[in-house]
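K.L.:
Residues per chain are reported as follows:
2 protein chains.
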Amino acid sequence: MTDGARHIPEATVSRLPVYLRSLAELLDEKVTTVSSERLAEMAGVNAAKVRKDLSYLGSYGTRGVGYEVEYLAFQMSRELGLTHDWPVAIVGAGNLGQALANYGGFTERGFPVACLIDADVDKVGSRIHGVQVHHPDDLPHLVEELGISIGIIATPAVAAQGVADQLVAAGIKSILNFAPTVITVPEGAFLRKVDLALELQVLSFYQEHRAPDPV
Amino acid sequence: MTDGARHIPEATVSRLPVYLRSLAELLDEKVTTVSSERLAEMAGVNAAKVRKDLSYLGSYGTRGVGYEVEYLAFQMSRELGLTHDWPVAIVGAGNLGQALANYGGFTERGFPVACLIDADVDKVGSRIHGVQVHHPDDLPHLVEELGISIGIIATPAVAAQGVADQLVAAGIKSILNFAPTVITVPEGAFLRKVDLALELQVLSFYQEHRAPDPV
Numbered sequence: 001m002t003d004g005a006r007h008i009p010e011a012t013v014s015r016l017p018v019y020l021r022s023l024a025e026l027l028d029e030k031v032t033t034v035s036s037e038r039l040a041e042m043a044g045v046n047a048a049k050v051r052k053d054l055s056y057l058g059s060y061g062t063r064g065v066g067y068e069v070e071y072l073a074f075q076m077s078r079e080l081g082l083t084h085d086w087p088v089a090i091v092g093a094g095n096l097g098q099a100l101a102n103y104g105g106f107t108e109r110g111f112p113v114a115c116l117i118d119a120d121v122d123k124v125g126s127r128i129h130g131v132q133v134h135h136p137d138d139l140p141h142l143v144e145e146l147g148i149s150i151g152i153i154a155t156p157a158v159a160a161q162g163v164a165d166q167l168v169a170a171g172i173k174s175i176l177n178f179a180p181t182v183i184t185v186p187e188g189a190f191l192r193k194v195d196l197a198l199e200l201q202v203l204s205f206y207q208e209h210r211a212p213d214p215v
Numbered sequence: 216m217t218d219g220a221r222h223i224p225e226a227t228v229s230r231l232p233v234y235l236r237s238l239a240e241l242l243d244e245k246v247t248t249v250s251s252e253r254l255a256e257m258a259g260v261n262a263a264k265v266r267k268d269l270s271y272l273g274s275y276g277t278r279g280v281g282y283e284v285e286y287l288a289f290q291m292s293r294e295l296g297l298t299h300d301w302p303v304a305i306v307g308a309g310n311l312g313q314a315l316a317n318y319g320g321f322t323e324r325g326f327p328v329a330c331l332i333d334a335d336v337d338k339v340g341s342r343i344h345g346v347q348v349h350h351p352d353d354l355p356h357l358v359e360e361l362g363i364s365i366g367i368i369a370t371p372a373v374a375a376q377g378v379a380d381q382l383v384a385a386g387i388k389s390i391l392n393f394a395p396t397v398i399t400v401p402e403g404a405f406l407r408k409v410d411l412a413l414e415l416q417v418l419s420f421y422q423e424h425r426a427p428d429p430v
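One line per chain: the protein sequences are A and B, in this order.
The first sequence lines up with residues 1 to 215 when you count with the numbering used here.
The second sequence lines up with residues 216 to 430 when you count with the numbering used here.
Same shape as in the complex, but just chain A (with noise of 0.2 Å):
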C-alpha cells in the first residue's frame, strides 16, 4: 500500500463512494460548485465530517462559493481507482449472483462484470443476461485472460471461505462476500462484505426504539 492509501482513515475511504455518487447527481444537474453543507445533507452526514474527509484529498473548498463539483469529482474517481475499468467475475450463478451480473449499477460505475463462475456442469457454458458461465477450476486462465481484478462471493455460506482460497489462489487480491458468513483472506489481500440481514437490523433497532405512534 502506498502512503496515500495510508493516510486515509478506513472510514473516510468508505464515505468517498457516497460522496461521489452526490458528485455525479450535482454534475446531472450541471451544479457547478457545492458548498459542504449541501454535500453533507446528500451523503447524510454532518458538514464537519465532509470538510475533514475532503481535507485527505487536498481539497478545502473557497469560502462563500464550496468546492468545484468537477474537480472535486475527478479528484475524487482517480484516488478510488475508477479511471479505469475494474473487471469483476462473480462465483455462484444461483438467484443471487444473477441478480447481481444484472445489477445495472455495476457496469456503469466501472465495474465490468467479465464471467461467472459456478461448479454446477449444467451451468458452465451458459450465458445468464449476457454473461458466460465458467466452471472454477478455469479461473486462474480467466484472471489472465479477462483481467479480472476483484471477485464476488454469492455462494451458500458453507461454500465461502473454499471461494476465497480459490479467488487468492488464482491471483485476485480484492474480495467482495455477499454469503451470511465470516471469512479470512490472507495478508495482502482485501475483503469487505455485505452482511444483507445486518441492514436490517440497523433498522430493527430504530424501529424498536422510536416513540410510539400519536394516536
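Keep in mind that the hints were calculated from the coordinates and are not lab data.
Please note: incorrect hints may appear among the correct ones.
Claimed, not checked - Straight-line distance between alpha carbons at most 20 Å, and here's what the computed SDA-like set of lysine to any residue pairs gives: (1) Lys388/B / Lys52/A; (2) Lys408/B / Glu41/A; (3) Lys123/A / His141/A; (4) Lys52/A / Ala73/A; (5) Lys264/B / Pro9/A.
Unchecked claim - A short list of chain A residues far from chain B (calculated; beta carbon distances all over 12 Å): (6) Ala43; (7) Ala99; (8) Val124; (9) Arg127; (10) Asp137; (11) Gly162; (12) Asp165; (13) Gly188.
As the list claims (entries may be wrong) - If you anchor each label on the Cβ, the simulated ranges turn out as follows: (14) Asp138/A / Tyr286/B: 45 to 51 Å; (15) Glu70/A / His356/B: 44 to 50 Å; (16) Asp137/A / Pro355/B: 37 to 43 Å; (17) Gly259/B / His84/A: 40 to 46 Å; (18) His344/B / Gln132/A: 21 to 27 Å; (19) Gly259/B / Gly130/A: 31 to 37 Å; (20) Thr399/B / Ala157/A: 30 to 36 Å.
Just so it is clear, CB atoms sit at the ideal spot from N, CA and C, and this is done for glycine as well.
We have chain A; now place chain B onto it with these hints.
P.N.:
Below, chain B without anything else, positioned relative to chain A:
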C-alpha cells in the same frame, strides 16, 4: 425515539449486528466468555472501540475474564429488537427481489419475507421461492394483515422513490433501499441503503493504492 436509542451513536448501532454475529459464532463453539480483544478481532475493529460500544449497553466485562457471551448476546438482541420477528415486504420481483426472497440469512435472523410486491400483472398471484407476489395496491391491506414492519426496495432506480412513498403511505416506517439511487423518506421514517457498487469502489481504492507485487 426513546432515550435509549438517542444515547447510542449511529456508528455504534451499525456495529452491534456485527458483534452479535461474532457472539453467535462463539455460542456455536460453546465458548462462554470472550475478551474485548478477541471480539474486536472477530468484528474487524479495535478493542478500545469494542469496549466503548459495549459500554453503551451497560456492559463492562470483568477484568481478566472478559464478557459473558450468552448474556451479552441476549442484551444485544434485546437492544436490536431481535427478540421478536420483523416481517419484511420486498418490492420488485425481478432478479434482485427474487434473490432476496431466497436469501437464507433473513428468516433465520428474524426477518421473514412475508410477501413480494410487483406491479407486473403477470407476476401477481404467483409464488417465488414460496413467497406470494402481490400488487402494490394491496400494500396497506398486507401491512395490516401480515404485520409488515420493514420494506425492501429491489426495483430499478427510476421506480425507487415512488415505491418508498407507497411504502410510507401504507404505514411502513423502515425501508432498506437496494436501488442504485438516492431517495428520501419523511421525518419519522428510517431509511438505510445498500449500494452494491459502493463496496466495490472501496475495494478499488485499496487495490489502486496497494504496493506492486514483488518481482
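K.L.:
Among the hints numbered above, which are violated by the structure, and what are their numbers in rising order?
P.N.:
1, 6, 7, 13, 16, 17
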